[in-house]
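Respectively, the protein sequence lines represent chains R and Z.
Numbers 1 to 174, taken from my numbering, label the letters of the first sequence in order.
Numbers 1 to 431, taken from my numbering, label the letters of the second sequence in order.
The calculated lysine-lysine pairs, modelled on DSS-like cross-linking and capped at a C-alpha distance of 25 Å, are:
| no. | chain 1 | residue 1 | chain 2 | residue 2 |
| --- | --- | --- | --- | --- |
| 1 | R | 158 | R | 2 |
| 2 | Z | 399 | R | 44 |
| 3 | Z | 72 | R | 36 |
| 4 | Z | 108 | Z | 241 |
| 5 | Z | 269 | Z | 3 |
| 6 | Z | 241 | Z | 57 |
| 7 | Z | 154 | R | 158 |
| 8 | R | 36 | Z | 399 |
| 9 | R | 5 | R | 147 |
| 10 | Z | 399 | R | 55 |
| 11 | R | 32 | Z | 78 |
| 12 | Z | 256 | Z | 8 |
| 13 | R | 44 | Z | 299 |
| 14 | Z | 182 | R | 44 |
| 15 | Z | 399 | R | 25 |
| 16 | R | 44 | R | 123 |
| 17 | Z | 72 | R | 25 |
| 18 | Z | 269 | Z | 166 |
| 19 | R | 25 | Z | 78 |
| 20 | R | 147 | R | 55 |
| 21 | Z | 321 | Z | 354 |
| 22 | R | 32 | Z | 49 |
| 23 | R | 57 | R | 5 |
| 24 | Z | 166 | Z | 321 |
| 25 | Z | 399 | Z | 72 |
| 26 | R | 36 | Z | 69 |
| 27 | Z | 26 | R | 158 |
| 28 | Z | 69 | R | 32 |
| 29 | R | 25 | Z | 69 |
| 30 | R | 2 | Z | 49 |
| 31 | Z | 49 | R | 158 |
| 32 | Z | 72 | R | 32 |
| 33 | Z | 399 | R | 32 |
| 34 | Z | 166 | Z | 182 |
| 35 | R | 143 | R | 57 |
Just so you know, the hints here were simulated from the structure itself, not pulled from any lab data.
Everything numeric in this text was worked out from a predicted model, so none of it was measured.
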Amino acid sequence: MKEFKGNVLFLDRSDINTDEVIPAKYLTEIEKTALKTHLFEDIKLDGFNPEMDIKEKAVIVTRENFGCGSSREHAPWALEVNGIHVVIAPSFARIFRQNMFNGGMLAIELSEDRINTIFKEFKNSDTQISVDMEALEIMIQSKDQTKTIDFQISEFDKALIQTGGWVEYADTHY
Amino acid sequence: MGKTIAEKIFKAHLVDEPFGDVSVLKLDRVFCHEITTPMAIQDLMARGKDRVFDPDKIKAVIDHVSPAKDSKTAMQGKILREWAKRHKIKDFFDIGYNGVCHALFPEKGFVQPGFVIIMGDSHTCTHGAFGAFAAGVGTTDLEVGILKGVCTFKTPQTYKIEIVGKLADGVYAKDIILKVIKDISVSGATNMVIEFTGNIVDEMSMDQRMTLSNMAVEAGATSGICLPDMTTVDYLWEFIKNQYKTRQDALEAFSKFRSDDDAVYAKLKTIDVSDLEPLTTFGYKPDNVIPVSQMLGTKINQVYIGSCTNGRLEDLRIAAKVLAGHTISPNVRGIVSPATPKIFSQALEQGIIKTFMDSGFCVTNPTCGACLGMSNGVLAQGEVAASTTNRNFIGRMGKGGMVHLMSPATAAASAIKGEISNSSLFCEQGK
Ligand code: SF4
Numbered sequence: 001m002k003e004f005k006g007n008v009l010f011l012d013r014s015d016i017n018t019d020e021v022i023p024a025k026y027l028t029e030i031e032k033t034a035l036k037t038h039l040f041e042d043i044k045l046d047g048f049n050p051e052m053d054i055k056e057k058a059v060i061v062t063r064e065n066f067g068c069g070s071s072r073e074h075a076p077w078a079l080e081v082n083g084i085h086v087v088i089a090p091s092f093a094r095i096f097r098q099n100m101f102n103g104g105m106l107a108i109e110l111s112e113d114r115i116n117t118i119f120k121e122f123k124n125s126d127t128q129i130s131v132d133m134e135a136l137e138i139m140i141q142s143k144d145q146t147k148t149i150d151f152q153i154s155e156f157d158k159a160l161i162q163t164g165g166w167v168e169y170a171d172t173h174y
Numbered sequence: 001m002g003k004t005i006a007e008k009i010f011k012a013h014l015v016d017e018p019f020g021d022v023s024v025l026k027l028d029r030v031f032c033h034e035i036t037t038p039m040a041i042q043d044l045m046a047r048g049k050d051r052v053f054d055p056d057k058i059k060a061v062i063d064h065v066s067p068a069k070d071s072k073t074a075m076q077g078k079i080l081r082e083w084a085k086r087h088k089i090k091d092f093f094d095i096g097y098n099g100v101c102h103a104l105f106p107e108k109g110f111v112q113p114g115f116v117i118i119m120g121d122s123h124t125c126t127h128g129a130f131g132a133f134a135a136g137v138g139t140t141d142l143e144v145g146i147l148k149g150v151c152t153f154k155t156p157q158t159y160k161i162e163i164v165g166k167l168a169d170g171v172y173a174k175d176i177i178l179k180v181i182k183d184i185s186v187s188g189a190t191n192m193v194i195e196f197t198g199n200i201v202d203e204m205s206m207d208q209r210m211t212l213s214n215m216a217v218e219a220g221a222t223s224g225i226c227l228p229d230m231t232t233v234d235y236l237w238e239f240i241k242n243q244y245k246t247r248q249d250a251l252e253a254f255s256k257f258r259s260d261d262d263a264v265y266a267k268l269k270t271i272d273v274s275d276l277e278p279l280t281t282f283g284y285k286p287d288n289v290i291p292v293s294q295m296l297g298t299k300i301n302q303v304y305i306g307s308c309t310n311g312r313l314e315d316l317r318i319a320a321k322v323l324a325g326h327t328i329s330p331n332v333r334g335i336v337s338p339a340t341p342k343i344f345s346q347a348l349e350q351g352i353i354k355t356f357m358d359s360g361f362c363v364t365n366p367t368c369g370a371c372l373g374m375s376n377g378v379l380a381q382g383e384v385a386a387s388t389t390n391r392n393f394i395g396r397m398g399k400g401g402m403v404h405l406m407s408p409a410t411a412a413a414s415a416i417k418g419e420i421s422n423s424s425l426f427c428e429q430g431k
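Could you build the full structure based on these sequences and the hints that come with them?
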């Protein structure tokens, strides 16, 4: 199982598409590691500087419909090679969400209210999140406060995380 | 209780329901192209699982960058080519025979009503136009599809969108789908299947239905389905005539996949398109949609006519009708990419290519090309394109470029004017 904890990167915008996560021109790469330096290169987000802001981050908190657009699995790979294994949002585009779990990574859906609260209370401070897969809880921590929030994922998604992804699962089961 | 077409297709393909809410479905087709498949092939090799479930059900094409533009794209083609050979995938389309996947595969008769199809490409929803459940997937799902012939999907919820009324001249399937996306937003159908019905859809040709289904994913939909009817049968007849005695027999067989009258829908919407004007986009999201009449005069640098949305024969014919007798603005670069070799040669025979060339358009070979900003017409920083493609995302056709999505008619008119323009200016529109 992958590690699901670390510093939080806040992306305060909805409908961030996979072209913004990793532009199409890098789809010619055949090694995942080549995507590393191009994550969020073209994102449209005021005040965001990909070179500075992605460093040492492991968890993304963002707004609704994250990962819409292209089906490219290069998007979760670009996150993965940067050490980001968790994205938390009110909702995800279907293919992106499936791609995350298929690769043994976590896409956690929380209600809009909860995401609003997290943004309000933590966005402006250095924040860490750690995910407890047993208790299905995330712990959010800044220097001023700590908060624990429970979440749900399906049994199937859990099985994918535990077996390390869909290829191994499918090859043993079908 | 009645069932929707998606529910019927799911039921007919169900292999397993491992945890209740997900269905593992048997696949009729796995489509592959050179951008997303090589990573799947390499991963399978690394795992010691370089196998395919059925070489006859896998179809592959090199389409996104063709001919290869550099060493990297050449390598992607090479990996796919060698893999197809190794596994005896006979329907592999290399340069000379290749075209944009979602135009080429239907044209070859690979898509039939009731099929379940996946591809590592989000616009796989296009094939829903034939009454199939066709969905874009990521590389891992593709990999498992290749290896085992299965894929998982959540039990489908269906959003029924009924399109009714009478279309005005100069308004096309592209305008309708832009209107749908505007109305329901880029996430309006996330995790749902859109079922397109209504008299307007019934009257559409397969080319137009494919335009409609193609952009269902821009509203978040898993697939965009049109119900199979005689238009579907007629299109497919040359491929299925050995399977059925008469067209009527084929229609009856396909009709078992049509939604029941008492089917239950998650959402319903009726759109009367009688007053619809030609539409275009203005921002970086496909739901940033506005009437062309409110964008008149917007200067453009390039016009692109092509792609899996609007690169088919009917699209080229409509654009050529607008262009006939005109030359495009000296300030505009016009590029047209017929989506497949067959479309290209038909357009040649019918004089459509000549019209494009006489008006000043550059005609490229069939490829995705400029659509995703990888080759054949990448925009420079600050440039603006009028395009018949499906995505106006920031940087889509080149870093710092702006894309306005529109119908082939509007794109052709805009090319003549050098600015976004209405096609009614240039031609008496027959449809
Ligand atoms: S034409 Fe454009 S949208 Fe269609 S498959 Fe090719 S790159 Fe994708």
